[in-house]
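Engineer: So you can see what is in the structure, the chains are spelled out below.
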Amino acid sequence: MKLNDEQQMLQDSVARLMADKGPVSHLRELRDRNDEKGYDEPLWHAMVESGLTGILVPEEHGGIGFGLVGAGLVAREIGRNLSVTPFLSTAVLGATALATGGSVKQQQKWLPAIAEGSVITALAVDDGAKHRPEAIKTEAKAAGDGVTLNGGKLLVLDAHVADLLLVAARQGESTALFLVDPKAEGVTIERNRMVDDRNAARVTLDNVAAEPMADGAAALAAALRAGRAVLAAELSGLAREAFERTLQYLKERKQFGRLIGTFQALQHRAALLMGEVSMSDALAMQALDACDRNADDAEVQVLAAKAKAARVALLAGQEAVQMHGGIGMTDEFDIGFFLKRARAGGETLGDANYCADRFAVLRDY
Amino acid sequence: MSDLEQFRAETRAWLEANCPEEMRQPLKSQADHCWGGRKWQFQSDAQKVWMERMADKGWTAPQWPKEYGGGGLSPEEAEVLAEEMKRINARTPVSNFGFWMLGPALLKFGSEELKRQHLPPICRGEIRWCQGYSEPNAGSDLASLQTRAEDKGDHFLVNGQKIWTSYADKADWIFCLVRTDPNASKHNGISFALFDMESEGVSTRPIELISGESPFCETFFDDVKVGKDQIVGELNRGWDVAKYLLTHERNNIGGEPPGFLKGRALGPLAAEHVGTEHGKLADGALRADIARLEIDQMAFQALVGKIREEAEAGQGVGAQSAVLKYYGTELNKRRYEVMMDALGAEGLEWESERTMGGLYAREWLRSKGNSIEGGTSEVMLGIVSKRLLGLPDA
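Each protein sequence line maps, in turn, to chains L and U. Counting from 1, position 234 in the first sequence corresponds to residue 234 in my numbering; the numbering is continuous, with no gaps. Counting from 1, position 49 in the second sequence corresponds to residue 49 in my numbering; the numbering is continuous, with no gaps.
No wet-lab data here; the hints were simulated from the structure. Hints may be right or wrong, so weigh each one.
[What the hints assert, rightly or not] Cβ pair distances, simulated, as ranges:
hint, chain 1, residue 1, chain 2, residue 2, range
1, U, 16, L, 294, 28 to 36 Å
2, U, 89, L, 256, 56 to 64 Å
3, U, 108, L, 13, 37 to 45 Å
4, U, 234, L, 256, 38 to 46 Å
5, U, 152, L, 263, 42 to 50 Å
6, L, 42, U, 108, 55 to 63 Å
7, L, 332, U, 183, 54 to 62 Å
8, U, 305, L, 327, 36 to 44 Å
9, L, 254, U, 305, 38 to 46 Å
10, L, 293, U, 256, 20 to 28 Å
11, U, 108, L, 256, 42 to 50 Å
12, U, 201, L, 296, 55 to 63 Å
13, U, 187, L, 253, 30 to 38 Å
Bear in mind that the values here come from a model prediction, so they are computed numbers and not experimental data. All C-beta atoms in this analysis are idealised placements derived from N, C-alpha and C, irrespective of residue type, glycine included.
For reference, chain L alone in the conformation it holds in the complex (with noise of 0.2 Å):
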C-alpha cells in the first residue's frame, strides 16, 4: 500500500507535532512527578486542535473520518516519541466502539464529545492477568431498561481519569460491550502505574447500572480490531525509534579503541534488527489499509502485524539493551523506556502468542 497525499501530509504534520510536543522527556516529567492525571495535557490540547482526537469519529459526528491507516500514522509517531496520550483509549477504541455499536442517541452524545476532546473512555475488556475476549466472566443481567454488570476488569487503559467506560460483559451466550458512568454506584476503580509509566487501573463492577448499545457485540470486534491494529503501528514505531538511537549509539561508542559500529557480531545484529522493524512496520501498515478497505482477510492480518509488532517491539528493546550495555541499563537513560512500553504494549489487547493461536483458528489449523 502507499501513502496518498492527505495520508503523507497527516504523516510528516504529526511526525513533527510528537517531537515537538510530546518527546520521550515529557513520559520522563510526567513520572517523576506522579501526575495526577498521568497524560501529557498539553499535547492532547495540541492534538485536539489538530482534529486528531476526531481521526475515526465520522464527519457527521464532527470528526475528520480519516480511517485506521490515518490512526496508525499517528499512533506510529506516538511509538517513536513515547508520547502520553488517551489517544489509543479514546480516540481509537471508544470512538470505534461507538461509531460502530452505538444507538443514534449515544452516538450523538459521545462522538462529538470525543472528536473535540472533552471527553475520555476506557475499554474494559480483560476480567484477568490475560486478554481473552472469547471468555469473558464479567456478567449482564436485565434490570429494567438497562442492565447490571458484575465482575472484575484489569488492564482498563485511562480508566482514572475516563467519563465513560465501556466494558465488554457476558449477556446469556453473547458477548458485548454496555456503557458504564464512571461514578455510577458500585464501579471502583483502582489506578496503577504500570511499568511503561502508563495508566491502566483495576475496575471492580459491583451490581452497577449499565447502558446496552445498539449492537455491543460488534462494538467490542470493532473496537478490538482497531485497537489492535494501531498498537502495531505504536510498537512499530518505537522499535524504529529503538533500533535508529541504537544504530546511532554503534557510530559514536567506541571501546577497545575503535567504533564498536566496526563489530561484526554487533553489524549483523542491527542488519537482523533493521530487517525486522521494516517488516513489522510494512505489515501493520498493509493491515491497517485493510481494516480501511474492509478487505476479507482484515482479521487476519491485523492479528499478524499484532503478534509480529509486539514480538519485533519487544525484540528492538532488548536488543537495544543490550548493544547500549551498561548505560542501556540506567534510569538515567531514556533506551529502557522503550523496553518497557513494548511489554506494556505487546500485552495489551492480546500479546503475540494470543493473536497467533487466534491467526491459526482464523487459517483452520
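Once you have looked at the hints, place chain U on chain L.
Structural biologist: Relative to the frame of chain L, chain U by itself:
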C-alpha cells in the same frame, strides 16, 4: 473497453484455445519443468506444443522487445498475461538461465549483434544457458576468481575451473566470468564472456548434493577458444554486469519458491499427519511454530510489496535486495523445517513412490543451499550493515 481490458479478453481467449489441458496441471515435481535447449527431451507432445505456441507469440519472454523474439509487452500487459496464465494454472512454457539472467544482462549491456545472435534462440527455447561464476577458491568472495582468458589476437583462450555451475551438463551455452587483465585490481580486469559448451576443451562433472541430486557441476576449461565478439559490456568491466545480475537475481526472490510447498498451506498438511483435537492441531507446539512462521511470511511479503512499490516510484531497490535475499531464503529454510516436523516418518522416506522418491527430504535438504548460493546470508548482512546502515569498516 480500455486497451488493457481488450488485451485481457484477447489473452484469455488465446490461452483457452492454445494451452493444452496437460499444461494446466500443477507441476508434480521439479522434473516437470521445461528447460528447453538442444538436448531437451520433451516429456510429452503437450509440453512441446505449449512451448512452441508461446514462443510464436513471443510470450516465453513477454517483456523483451519483439525484434529479439520477445512479446514487446508493457509491464501492465505482462502482469495481465501472468494473471491470466495463473487463472487457468498454465505452466511456464519454458525457462532457464537464459531468461532469468543472460537476457536481462544482454538487454542492458549487450551489443546489437550479441542481442540478435542470442536472444531469439532463448525465446524459442532452442538454447539452454548456464552460469559460470563461482570457483573453488571464489565463492562468497566471487571477485577473486582466477579463470583466465588470454588474448590471442583473433580469439581468447580460456583456462580454469568453475564450480556450482547449475546444470552445466545439460546446458548448451555458458555465460562466464573470466579474468582478462591479471594485473588489474580484483574487481577490474574481469570480463563477461559467452561460449558454447560443446567447444573443444570444455568438460563437466556433476556434483552429488546431500539431497542425492546433482543440479550443479564442476566445469573445466582447457584451452577453450572464445570469440572476441562474445564479450558482454566492456572488456575488463564484467564485474558491472555480474553485480547488476546479482541484484537482479536477488530481486526475484520474494515470489514463492518453487517446489512441493508452493501453494500449499502447512496447517492442513500438518493436520493430516498429527491429527486434530477440538478443531486445533493436536501438537500445540507445532501449531505455534506454523502460526509464527506464517505470520513472519506475511510480514516479509508486506515488505516485499513495499520495496517493489518504492522501486517502481524510482527510488530503486539497490541494497534492499540483500534484505529480501536474506529473509526470503531464511524463511524458506524454516518452512521446510516445519514441513519435516509435520510429516514425521513419512518425510524421512528416501525412495518410496508415495513420497515421489523422497521428494520431501530431498527438497528439505536442497533448501539448505538457499542461504549459501547467490551470496550467503552472512554476506547479505554485511551488505545491509555497510550499505543500508552505514556502519563503518573495521
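Engineer: Would you mind marking each hint as holding or not holding in the structure?
Structural biologist: Results of checking the hints against the structure:
1. 16/U to 294/L: 28 to 36 Å: Because 33 Å falls inside the window, the suggested range holds.
2. 89/U to 256/L: 56 to 64 Å: With a Cβ separation near 59 Å, residue 89/U and residue 256/L satisfy 56 to 64 Å, so the hint holds.
3. 108/U to 13/L: 37 to 45 Å: The hinted range 37 to 45 Å holds for residue 108/U and residue 13/L, with Cβ atoms some 42 Å apart.
4. 234/U to 256/L: 38 to 46 Å: holds, 43 Å
5. 152/U to 263/L: 42 to 50 Å: holds, 48 Å
6. 42/L to 108/U: 55 to 63 Å: holds, 56 Å
7. 332/L to 183/U: 54 to 62 Å: holds, 58 Å
8. 305/U to 327/L: 36 to 44 Å: holds, 38 Å
9. 254/L to 305/U: 38 to 46 Å: holds, 40 Å
10. 293/L to 256/U: 20 to 28 Å: holds, 23 Å
11. 108/U to 256/L: 42 to 50 Å: holds, 44 Å
12. 201/U to 296/L: 55 to 63 Å: holds, 60 Å
13. 187/U to 253/L: 30 to 38 Å: holds, 32 Å
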